[in-house]
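Student: Here is how the chains run, residue by residue.
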Amino acid sequence: MNRKIYLSLGLLSASLIAFQLALMQLISAVQWNHFAYMVISIALLGFGASGTLLALTRKWFERHAEFALYLLMILTGVSMSGIILFSSALFGKFDTYLIFVDLSNVKYLVLSYFSFFIPFFFGALAIGLIYIQYVNRIGTMYFADLLGSGLGGIFLLLLLWLFYPAQLPAAVSILPIIAGILIIPKSWARRLIIPSLLLLLLPIYLIISPSKLPVSEFKGVSGALNMPESKIYMEEKSPYGHIQVIESPSLRYAPGLSLSFTEDIPVSDALYINGNWFGPLTDRTENNKIHFLDYTTHNLAYVISEPGSVLILDGRTGLHADHALWNGASKVTFVEENKKVLDLLKNELAFKIDSLFSDPKLTSISLHSRSFLLSDTSHYDLIVLPPIESFGGSSGVNALEEQYILTLDAMNDIWDHLNDSGMIEVTSWMDYPVRNPLKILATLVETLEKKGYMEIEQHLIAIRSWGTISFVLKKSPFTADEVSRVRDFCELMYFDPVLLPGIDSSERSAFNHLEDSGFFSSVDQIVSPERASFYKNYDFNIHPATDSKPYFSQFLKLARLNKLRDMFGQGALPFLEIGYFITLLTFIQISLIAFILIILPLFFTKWKGKGKVYTLFHFSGIGIGFMFVEIIFIQQFILYFGNPVIAASAVLSGMLISSGIGSLISSRFKNSNRSLLVILSLVILFILFYAFILTPLLRASISLPFSLKIIFSILLISPVAFFMGMPFPIGLKQLNEHNNTLIPWAWGINGCFSVISTVLATIIAVEAGFLWVMLLASLAYGFALVANVFR
Amino acid sequence: MPIQYNTIQVMRYLYILFAFLILSWSTPAQDYKKAREKMVTEQISKRGIKHAHTLDAMRKVERHLFVPPAYMRMAYDDGPMPIGYGQTISQPYIVAYMTEIIKPKSGDKILEIGTGSGYQAAILAEIVDKVYTIEIVSELANAASERLQKLGYDNVEVISGDGYYGLEEEAPFDAIVVTAASEHIPPSLTQQLKDGGKMVIPVGSPFLVQTLMLVEKKGGKISTSSLMPVRFVPFTRSRKE
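Chains as they are written, first to last, in this note's numbering: chain R, 179 to 969; chain E, 67 to 307.
Keep in mind that a hint or two might mislead.
Stated by the list, open to error - No more than 20 Å apart at the CA atoms, straight line, and that leaves these computed lysine to aspartate or glutamate pairs for DMTMM-like:
#1 E/K196 x E/D261
#2 R/K653 x R/E685
#3 E/K287 x R/E627
#4 R/K409 x E/D228
#5 E/K100 x R/D666
Hints were generated in silico from the structure; no laboratory data involved. Note that the structure is a prediction, hence the values are computed from the model and not measured.
Here chain R stands alone, though its shape is the one from the complex (with noise of 0.2 Å):
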């Protein structure tokens, strides 16, 4: 045998992994994570739809198997490469939002869904053909797969440091034209090599002259451009996103300012990321009269006391920090995860921001937020929260982001690091239906009440603005001149008081009038003792967000949706809640085509013999088991970390690899039924053991240093994915003994359930949390074991 296809499957395996996230990478840049997101999710059923026209067409495709996986190779990386030059076309006449205008728009939808699934069908294609031609050597064969899927997203990362988004698809694909040419069939040799080896030059040119891919005009980053003068100061690429530098003479930034502010406000260049607001670069010697923060309520904790050391977590571009240097702190300690962010801030941009970062008083630190808490044994005077929300808010765009520092657990964590009169500041915009505030008070005055304070209304001050309102949260009573200096600056900015200890109804609304009266009375519903009948018929889930539950944005209560669309009207819904939305939009889509590409197959062959229940629960057991547990591995492991980037990596790497070395050592065992049945109780108790485990194990040894940290993670992903690479290729191996025509639709399952599982484990963690993804795992495993005790 050739030993070549090893090679070649490894790299057509790495590079489908790696245009997976590379995608993502370009559609989140150009258009919107979210629908990426769905993208993505439908046109990896290119991995069951493989399995279905295998099922379909096996004869043909293994009298030509030698010619036909050359050309599904070359075929996966001329497609990816061509895929920019679609997206080009694309993505210059459509955008998400358009859908919402004109539904003829929806033909762009379908037309990207079939675009980018062509590239994962034929590569699956070729994979589930390999596993047909070979299957005698299926744990070898899947040890390749699963070794190349893992070095896969570690290229994917060293290619995102050296090229830009519209590059990516292009660098991946040299990758299958080069695991194609690996295997040209001897007879095809001379004729093919030379054409295969041009082939090369597509990727290569499309690297050197990239497609320029329209961003969305709708994108913060196109608005920018659109003002008069302005212009990209600066770009990089990096795994931390798409970053450019927008310089203009209409930027100013100054988000909820006081009606009473009579200044100008300072011009300044803007920091984005993947098309994305992500701060402003404000010049510090602008400010020397004057701060602009000092007019919002952001102000409020300052205007309370006069805090010595400041910690400010996610403090993206420092004018949080800038504004706590401002006000005297003599020790300001800065956290942003971005790494190439801060660097840039205290390097090149360094100029725009008048050496902040260079401060003596400030020390950086470049971590996930919640990671530094969890790591950090200091006390602060004052602990700022990022800014929830954007302005206008963003209908839940970013319901199933998990936000770690917005938990009811994080802000455990960070009471525990204050002084004895240390205090909390968060602010929020304000949104209607009113949902974010809420939720933000809820997550405060359930924090107090674990730490044994029952008298909220002396720990919680909250003041509203035009458009936000801040609270701050005190550990000690506020005393009356406290009190008395936030009623005066109040009157002073034409703010409002909403929670202040001694405060009259008259005075909530004295400047900022709400339509909508309800507010008041749901704030005092949560700060009283009746919260958890509020919570309950309040209409979207305003309950605080838990470690197990990190979706803070996420509101949609699925019970209610009737109710809702009573309240709102027909078609509002969507865009209450389009985040949570899409995710379920995508889950029925994806059922969908599952389901149809599943049961295609069986309309029209006609296979003799039992097996088919078998390779139905097998299968499908174990594509869901894997992909929930791989999904809670990496949620789990970004709090670990510190950063997405690297817990995915780390993840999926670990992961794969070691099930491609558990698929390897499968292919010694004899009797594989009575193997399968021990494998599969293991994974079983494995996965029980890590629901319950994980958690404590991880914060327990999140202080240790990255290496050990590195070398830990390997240690406690390793043994169950090295049990959880055997079942798929005994399973296959048994196939081929029992019955080989099913074959090809275990292939179109497996592929089918790993992605519905992918969208399907996100619902259940943001329903149930993610203790239940992880028990239901062990129960599609246990489906699974079930399957093979009755075969």
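Chain E: place on chain R using the hints.
Tutor: Then chain E, alone, in the frame of chain R:
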């Protein structure tokens, strides 16, 4: 001296010509009139807009002339539409609501920040004496200026530039309509508002949910009112809740 053609100008003339052709060949004028009447009855009056001047203006101004040719057939639909450069022409209901809320009347002088297509300015111009409108995207400003002139709105002055500083030389204004809201309200705008004047601002994404905000200046003090969130229909909560 040879005539110098500017590409953008040529494109603009072609655009107007194309719009004219589509208008004259595809949909008869009386159909647009019917669509406009239906828009006012079903989307605006029915949802509680009562201000007679606003309703008259909405009936009169030919909205289909303010949208890109590709969207003409949907000009009277119940939603916003893109006009390029990341800008939109607001949903008819929002335009009517924003107009009613400032209670415009003959003799008023109004400043608009964010001309866009010029539709809101045309509605105001039907009611008040003078409308000044500022647009930061020069291509949109030039197109709106030409369009409004062509339609005979001599009482509208389109200024291409940054609306941040308002228009001090023409201040104070009876009302200010900000159609392109940002995270802050420029201090110069509140300063250029007459005592007793009103400023209205939509907050949020035009494609998702917007909240309208009213700023009022009385006796030197400024107060705000967050009005209802809107999208297609007002998001008023039922009283049961």
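Student: Failing hints, ascending?
Tutor: Of the numbered hints given earlier, those the structure breaks are 2, 3, 5, listed in rising order.
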